[in-house]
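**Student:** Sequence:
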Amino acid sequence: MAVGRTWLAPGGRGKAALRDQRRTLGNQLGHGVRFPGTVPDLMVAGEGVETVLSVQRVLPAVPHVAVLSGAHLAALVLPRGLRHLYIARDDDLAGRQGAATLRQRAEAAGILMSNLDPREDDFNTDLCHLGPRDLALHLAPQARSERRGGLPPVRGGDGRLTSLLPG
Numbered sequence: 002m003a004v005g006r007t008w009l010a011p012g013g014r015g016k017a018a019l020r021d022q023r024r025t026l027g028n029q030l031g032h033g034v035r036f037p038g039t040v041p042d043l044m045v046a047g048e049g050v051e052t053v054l055s056v057q058r059v060l061p062a063v064p065h066v067a068v069l070s071g072a073h074l075a076a077l078v079l080p081r082g083l084r085h086l087y088i089a090r091d092d093d094l095a096g097r098q099g100a101a102t103l104r105q106r107a108e109a110a111g112i113l114m115s116n117l118d119p120r121e122d123d124f125n126t127d128l129c130h131l132g133p134r135d136l137a138l139h140l141a142p143q144a145r146s147e148r149r150g151g152l153p154p155v156r157g158g159d160g161r162l163t164s165l166l167p168g
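Just so you know, we're using the numbering used here here: the sequence shown kicks off at 2 and counts up by one.
Do not take every clue at face value.
What the hints assert, rightly or not - Here are the simulated lysine to any residue pairs, SDA-like style, with alpha carbons at most 20 Å apart: (1) Lys16 <-> Ser70; (2) Lys16 <-> Asp122; (3) Lys16 <-> Thr126; (4) Lys16 <-> Asn28; (5) Lys16 <-> Val50; (6) Lys16 <-> Leu26; (7) Lys16 <-> Arg106; (8) Lys16 <-> Glu51; (9) Lys16 <-> Val4; (10) Lys16 <-> Leu54; (11) Lys16 <-> Gly5.
Since the hints were derived computationally from the structure, they do not count as laboratory data.
Please take these sequences and the hints and turn them into a complete structure.
**Tutor:** Right, here's the structure in full:
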């Protein structure tokens, strides 16, 4: 178990002007910050909490995990029953390397893989610049690309089937 800490600027808007704005306490390797979803065999894995929450904003039914660094992306412990893993990587060297290693491990375990690539440097930047609707439109073809028929529909609170991606 680990605890991730982020120092904020006075007033709470933005990160503090420190060399190390983030620190982890405990054993983080292979684990991450988990955000639940209702689809049991899918998962989105990403580096930072901001990246993962940005993707979750447009894929709310899918479980997400933020591993807190590109290096830790490669070491993620894959849950039992996982059939399809989406990697929401940052567009930098650490993100590409971590995603490539995780892809190899997941494919060796028989898990279907899809990369979710940001338009800019990461999905938080995309969400801030594009907004939720256009981010969903950017993600839709990527999320459907390797899963037959795309993402499965889920039952909404009213019992009706609905798409995982906003329409």
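**Student:** Could you check the structure against the hints above and give me the numbers of any it violates, in ascending order?
**Tutor:** Failing hints, ascending: 4, 7.
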